[in-house]
Amino acid sequence: MNRSFVSIADYSKEEILHLVRRAEYFEQYPNQKVLEGKVCATLFFEPSTRTRLSFETAVNRLGGRVIGFSDAATTSSSKGETLKDTIKMVSNYADLIIMRHYLEGAARYASEITDVPIINAGDGANQHPSQTLLDLYSIYKTQGRLTDLTITMVGDLKYGRTVHSLLTGMSHFNPIFRFVAPEELHLPDIYRQFMDINNIRYYEYTDFSPEVINQSDILYMTRVQRERFTDLVEYEKVKNIYVLTNAMLKGSRDNLRILHPLPRVNEIAQDVDDNPKSYYFEQARNGVYARQAIICNALNLK
Amino acid sequence: MKKELQVAALENGTVIDHIPSEQVFKVVSILGIEHLKTPVTIGYSLDSKKMGKKGIVKISNKFFEEDEINRLSLIAPSVKLNIIRDYEVAEKKQVSLPDSVTGLVKCNNPKCITNNEPMPTHFSVIDKENVTLKCHYCEIKIKKEDIILL
Ligand SMILES: [Zn+2]
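Protein sequence lines, in the order shown, are assigned to chains A and B. Just so you know, we're using the working numbering here: the first sequence kicks off at 1 and counts up by one. Just so you know, we're using the working numbering here: the second sequence kicks off at 303 and counts up by one.
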């Protein structure tokens, strides 16, 4: 059985809960030499220092070794080698392949051409499931549960893959969603249909108001990326609309926590950083524990 | 029956009837009929009570597999097949949309791995009524009117 980790949609409620509990375990006991003698390849066809360092830290804390590359420009794929050939070659060396690719579906395809488990560290605009698991773990850790929570997502809900994956992952846990986005960046229809089919309650807003914040357990902020726009006038119009400031949190729930996949640009003002409800820096640290859980699961180590 | 077929009788083989005229050549290419070595008759712009104009393809000594035939459902869901044995209609078949489609439809996402690697495409049919496909790799959904055949 191939234990690749490609998309959060492949995982049941029980499997997600299992991974979340394993992340909790690794937070308590981060140094476990269960990967002693194992080689993990990190193949980053598209550079992402943040994600790569998080995965490599996870492997190192588990006692494994890392080989790989951090930029496709230095590899044979820049000479026209197919993904298949690269994966086949690396499969001869590594026990696990952690890959990030600029093409959508690359990780799924890789998982079909090798017996070595593949962990998807991002495939273009499609999936980034380890980010989703660390988001889920952060929610679980700060709220004590995943069920019956109100999650408010703000910013680029059209192209934001972290938003789509978190929505999918949370769908098992009876959430209420509130979506705050400009017209140009609102949630795609397919996700609305998905929620309708699964009887998930959701509300949509164009105003980022304290009323919405005050009804939330989690505020999930995302950045509006310039490269998503073909029309830069459009970008200039929306980029400063959804900015969270400390003053907006005055009436918020005590248990509210603010998440952000990072890096932020200016959608969270600096004065929020000192508010105990800000959680985005801790959230990034949770990424290592979540990835330890994912790696061990892929290698069938509990 | 022979009158309805409007073209010369077939001893053994398959008659694909009620093809919308504009789809006749797509049907031929989807089934790879141009590569067959057996006699083939292609009727085009024939009169039809039901359809106004229709196309018909008769292939001698050829019987298709179910999944080959079902590929036609993407472009011509109304076609009817007559399986002919010894000049008689031995069986009538309609096409139905399969659960998945491999190597037939192009993914409309230029950043999809299938458009950048030498590999077959693979879609699941997520809505049979409205014909909506979902790419197994990049996960985008393709509506009926946007389907491009390879
Ligand atoms: Zn695709």
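Don't take each hint at face value.
Computed footprint of chain A on chain B, listed as stretches where at least three residues anywhere in the stretch have a Cβ under 8 Å from a Cβ of chain A [to be verified]:
| hint | stretch |
| --- | --- |
| 1 | 321-335 |
| 2 | 433-443 |
Label-pair ranges, simulated between beta-carbon atoms [as the list claims (entries may be wrong)]:
| hint | chain 1 | residue 1 | chain 2 | residue 2 | range |
| --- | --- | --- | --- | --- | --- |
| 3 | B | E431 | A | D274 | 53 to 59 Å |
| 4 | A | V233 | B | G334 | 47 to 53 Å |
| 5 | A | A9 | B | L338 | 50 to 56 Å |
FYI, nobody ran anything at the bench for these hints, they're computed from the structure. Where a beta carbon is used, it is the ideal one built from N, C-alpha and C, also for glycine.
Consistency of the hints with the structure:
| no. | hint | result |
| --- | --- | --- |
| 1 | 321-335 | violated (count 0) |
| 2 | 433-443 | holds (count 7) |
| 3 | E431(B) / D274(A): 53 to 59 Å | holds (55 Å) |
| 4 | V233(A) / G334(B): 47 to 53 Å | holds (50 Å) |
| 5 | A9(A) / L338(B): 50 to 56 Å | violated (42 Å) |
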